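Chain A is already provided as a structure; the job is to place chain B with the ligands on it using the hints.
Residue numbers (the numbering used here), protein chains in the order written: chain A, 1 to 306; chain B, 1 to 244.
Hints are not guaranteed to be accurate.
As a list, the in silico BS3-like pairs of lysine-lysine whose alpha-carbon atoms are at most 27 angstroms apart [as the list claims (entries may be wrong)]:
hint: 1; chain 1: B; residue 1: Lys-191; chain 2: B; residue 2: Lys-2
hint: 2; chain 1: A; residue 1: Lys-281; chain 2: A; residue 2: Lys-128
hint: 3; chain 1: A; residue 1: Lys-281; chain 2: B; residue 2: Lys-210
hint: 4; chain 1: A; residue 1: Lys-293; chain 2: A; residue 2: Lys-303
hint: 5; chain 1: B; residue 1: Lys-187; chain 2: A; residue 2: Lys-128
hint: 6; chain 1: A; residue 1: Lys-203; chain 2: A; residue 2: Lys-164
hint: 7; chain 1: B; residue 1: Lys-186; chain 2: B; residue 2: Lys-173
hint: 8; chain 1: A; residue 1: Lys-197; chain 2: B; residue 2: Lys-223
hint: 9; chain 1: A; residue 1: Lys-99; chain 2: B; residue 2: Lys-179
hint: 10; chain 1: A; residue 1: Lys-99; chain 2: A; residue 2: Lys-203
hint: 11; chain 1: A; residue 1: Lys-128; chain 2: A; residue 2: Lys-266
hint: 12; chain 1: B; residue 1: Lys-223; chain 2: A; residue 2: Lys-128
hint: 13; chain 1: B; residue 1: Lys-2; chain 2: A; residue 2: Lys-293
hint: 14; chain 1: B; residue 1: Lys-2; chain 2: A; residue 2: Lys-170
hint: 15; chain 1: A; residue 1: Lys-99; chain 2: A; residue 2: Lys-134
hint: 16; chain 1: A; residue 1: Lys-199; chain 2: A; residue 2: Lys-99
hint: 17; chain 1: A; residue 1: Lys-199; chain 2: B; residue 2: Lys-98
hint: 18; chain 1: B; residue 1: Lys-179; chain 2: B; residue 2: Lys-191
hint: 19; chain 1: B; residue 1: Lys-173; chain 2: B; residue 2: Lys-187
hint: 20; chain 1: B; residue 1: Lys-19; chain 2: A; residue 2: Lys-134
hint: 21; chain 1: A; residue 1: Lys-134; chain 2: B; residue 2: Lys-210
hint: 22; chain 1: B; residue 1: Lys-19; chain 2: B; residue 2: Lys-98
hint: 23; chain 1: B; residue 1: Lys-223; chain 2: B; residue 2: Lys-98
hint: 24; chain 1: A; residue 1: Lys-197; chain 2: A; residue 2: Lys-99
hint: 25; chain 1: B; residue 1: Lys-223; chain 2: A; residue 2: Lys-303
hint: 26; chain 1: B; residue 1: Lys-19; chain 2: A; residue 2: Lys-281
hint: 27; chain 1: B; residue 1: Lys-2; chain 2: A; residue 2: Lys-172
hint: 28; chain 1: A; residue 1: Lys-197; chain 2: B; residue 2: Lys-173
hint: 29; chain 1: A; residue 1: Lys-150; chain 2: A; residue 2: Lys-164
hint: 30; chain 1: B; residue 1: Lys-98; chain 2: A; residue 2: Lys-203
hint: 31; chain 1: B; residue 1: Lys-179; chain 2: A; residue 2: Lys-281
hint: 32; chain 1: A; residue 1: Lys-203; chain 2: A; residue 2: Lys-172
hint: 33; chain 1: A; residue 1: Lys-128; chain 2: B; residue 2: Lys-19
hint: 34; chain 1: A; residue 1: Lys-266; chain 2: B; residue 2: Lys-223
Worth flagging that the hints you see were computed from the coordinates, not collected in a lab. Keep in mind it's a predicted model, so treat the numbers as computed, not measured.
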Amino acid sequence: MSMKSLIIITDERRVGGMLMAARTLSEQVIAVVVGSPSLAETVATWGFERVLNLEPASGIPAEAYAALLAEVTADIKPRLILASDMPSSRVLLAAVAAKQNAAIIGAVRAITVCGDTIITSRSMADDKVLEDIKTAGVIAGIFIGDDLEKPQTQAVAIEHIEQKNAAHIKLKGIIEPEGNAGLLTAARVVSVGSGIKAKNDIKLIEELAQAAQAEIGCTLPICDDVRWLPTHRVVGSTHNQIAPELYIAIGISGQPQHLAGVRDAKIVVAINNDPEARILKNCNYGIVGDLYKIVPALTAAFKNLV
Amino acid sequence: MKVITVFKWLRNPQDALVKADGSIEWPGVKMSANDDDPAVMEIAAALASGDEIIALTIGDGDLAWAAARGATRTTVITDALTEVNSSVTGAILAAAVKHLGDAEVIIIGDSSWDYGVVSAFIGQLGRPALAGVTAAQLQEGCIQVTRKLGSVSQVLEVNTPLVLAAMATQSEKNEPSMKQVLTARKKPMEKLTLEELGFSSPFTTVSSLKTRFPDTPPAVLIKGDDPVCACEELMAALHTEGVL
Ligand SMILES: Cc1cc2nc3c(=O)[nH]c(=O)nc-3n(C[C@H](O)[C@H](O)[C@@H](O)COP(=O)(O)OP(=O)(O)OC[C@H]3O[C@@H](n4cnc5c(N)ncnc54)[C@H](O)[C@@H]3O)c2cc1C
Ligand SMILES: Cc1cc2nc3c(=O)[nH]c(=O)nc-3n(C[C@H](O)[C@H](O)[C@H](O)COP(=O)(O)OP(=O)(O)OC[C@H]3O[C@@H](n4cnc5c(N)ncnc54)[C@H](O)[C@@H]3O)c2cc1C
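Extracted from the complex, chain A is given alone in its bound form:
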């Protein structure tokens, strides 16, 4: 059986992580970029053996080419197909996996090879455990493992795929979220949850954010239930998914919908007065204590830093 890997790319998220995972079994890792030539050019410098590019016609989203992609990659016959969890990547992976008769694994964190057995580790039960899965045939995985920094490599030539036969899906408009640009790119985010007792107390968080040069985020109830902060501040699976260096979660219980928004954060700090709070099991550092006492002390500590 071929040991090639095929990686489906619609944006830069987790490209390095997927390449590294595929490397555990493949000498030949092929990237197929359904997106702009400039994305393909970036991908070409990541270290893939081949880079294919299908550039969608203007105003047509990537998914419109799902059937075409399955068709034009049919001959590659990879052992492993990977895509990120972006909605468009998943739809493309679905079509390619069906064509290759692959078994789909839905939340791949890592791949290891043991003799001639390929073991995919998937996240389960709220990330509490990993399940190791053995697959006999072609594997199609949606990759949620760690990403990597981009290495410096020579660009490979890009092979163009002629676009045709798009399904009828047309882009009519884009709704840009207001005002969250800062949150999305911030290196530090200070985030507040229902542990805060009054609207006025948000200023404690603002002071900390200012001292730490951080953006402010919050959980859904702080926006939807009490409306102390606007929607564009909400962090979570269904709102903003962010990847700061440092995320400080204050008075947040750590429900999966919230934590899914900071999966890619480097360091998560939690401040919570309930030693049993879920977030204290899902963070790097936790201070068990009353936020009303800890936050002012932390603000002072950040002020001392400069």
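Relative to chain A, chain B with the ligands alone:
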């Protein structure tokens, strides 16, 4: 237009008890419908505009759940095991959709933790599909779909046939009334077996070896009794991590 919706009963993973050896047990867990499934029913109602909505599910759970939220009838596959292989689950659901006859739109809850079933389902149906969908409506003979892609939302115009994977952005706001629940129990219900769908013994290339704890180091907990000391300890650690 005729719409088929898929809904799911699941165990809340917060109830999972992970034992010292990394194996999982589910002591006395309560099953609930998937978070996204209310959004599925809302979109279905908007698109069906009075036509038939057929709900499809696997296994046990409250079979009238979708009927109480607008489904005209419900079909349940009684004997499918759904634990190990997402591809098989997706293929079974897709076979059931084909069994139910041609619907213009098929809506499934989008996955947010384990993306396997939805991808397999979309792949098996082989129709144009969109995931991350938060709203859809009929407009001048076309369907207008809003979907989230990263931090922006896109508005797309699509034709049928179509598969949508829908995502809820909050908990259900309009739970059905007691009357709706009682009426729902009288709506038609069909039971299907794998054999009737043409699956003799589902062939699987996937097997679970074991479950285990992730290799990530456990959280470092700092007592907050003395806030100043606690923050000093934290800052020292953050310094070592290189994030200050
Ligand atoms: C509050 C909460 C938090 C959770 N957090 C996590 C977590 O952090 N990590 C984790 O691994 N799991 C989590 N889960 C559990 C998770 O829902 C299921 O364990 C797992 O099946 C993945 O679900 P999914 O929504 O990602 O995708 P799927 O289970 O694939 O569900 C998506 C949709 O597919 C359809 N579908 C899928 N399977 C079936 C089926 N057997 N029968 C009928 N329809 C089906 C349904 O329409 C469903 O809405 C959580 C569940 C809840 C309620
Ligand atoms: C479909 C759907 C989508 C969702 N999407 C999102 C999303 O994108 N983002 C999101 O955030 N949520 C989302 N949610 C909501 C999510 O399920 C949780 O309800 C929410 O994240 C909980 O917010 P919280 O942690 O602020 O509140 P709680 O769960 O109430 O936690 C408050 C915490 O504060 C602690 N606390 C209390 N007092 C103090 C004190 N004095 N000092 C220190 N700690 C204290 C408590 O111990 C507790 O742990 C979604 C829900 C659904 C159903």
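Now for the hints, and whether the structure bears them out:
no.	hint	verdict
1	B:Lys-191 x B:Lys-2	20 angstroms, holds
2	A:Lys-281 x A:Lys-128	9 angstroms, holds
3	A:Lys-281 x B:Lys-210	22 angstroms, holds
4	A:Lys-293 x A:Lys-303	16 angstroms, holds
5	B:Lys-187 x A:Lys-128	40 angstroms, violated
6	A:Lys-203 x A:Lys-164	55 angstroms, violated
7	B:Lys-186 x B:Lys-173	24 angstroms, holds
8	A:Lys-197 x B:Lys-223	22 angstroms, holds
9	A:Lys-99 x B:Lys-179	46 angstroms, violated
10	A:Lys-99 x A:Lys-203	55 angstroms, violated
11	A:Lys-128 x A:Lys-266	19 angstroms, holds
12	B:Lys-223 x A:Lys-128	24 angstroms, holds
13	B:Lys-2 x A:Lys-293	58 angstroms, violated
14	B:Lys-2 x A:Lys-170	22 angstroms, holds
15	A:Lys-99 x A:Lys-134	21 angstroms, holds
16	A:Lys-199 x A:Lys-99	54 angstroms, violated
17	A:Lys-199 x B:Lys-98	53 angstroms, violated
18	B:Lys-179 x B:Lys-191	24 angstroms, holds
19	B:Lys-173 x B:Lys-187	23 angstroms, holds
20	B:Lys-19 x A:Lys-134	22 angstroms, holds
21	A:Lys-134 x B:Lys-210	10 angstroms, holds
22	B:Lys-19 x B:Lys-98	41 angstroms, violated
23	B:Lys-223 x B:Lys-98	58 angstroms, violated
24	A:Lys-197 x A:Lys-99	54 angstroms, violated
25	B:Lys-223 x A:Lys-303	22 angstroms, holds
26	B:Lys-19 x A:Lys-281	15 angstroms, holds
27	B:Lys-2 x A:Lys-172	25 angstroms, holds
28	A:Lys-197 x B:Lys-173	24 angstroms, holds
29	A:Lys-150 x A:Lys-164	32 angstroms, violated
30	B:Lys-98 x A:Lys-203	56 angstroms, violated
31	B:Lys-179 x A:Lys-281	42 angstroms, violated
32	A:Lys-203 x A:Lys-172	40 angstroms, violated
33	A:Lys-128 x B:Lys-19	11 angstroms, holds
34	A:Lys-266 x B:Lys-223	22 angstroms, holds
Checked against the numbered hints listed earlier, the structure breaks hints 5, 6, 9, 10, 13, 16, 17, 22, 23, 24, 29, 30, 31, 32; every other hint is satisfied.
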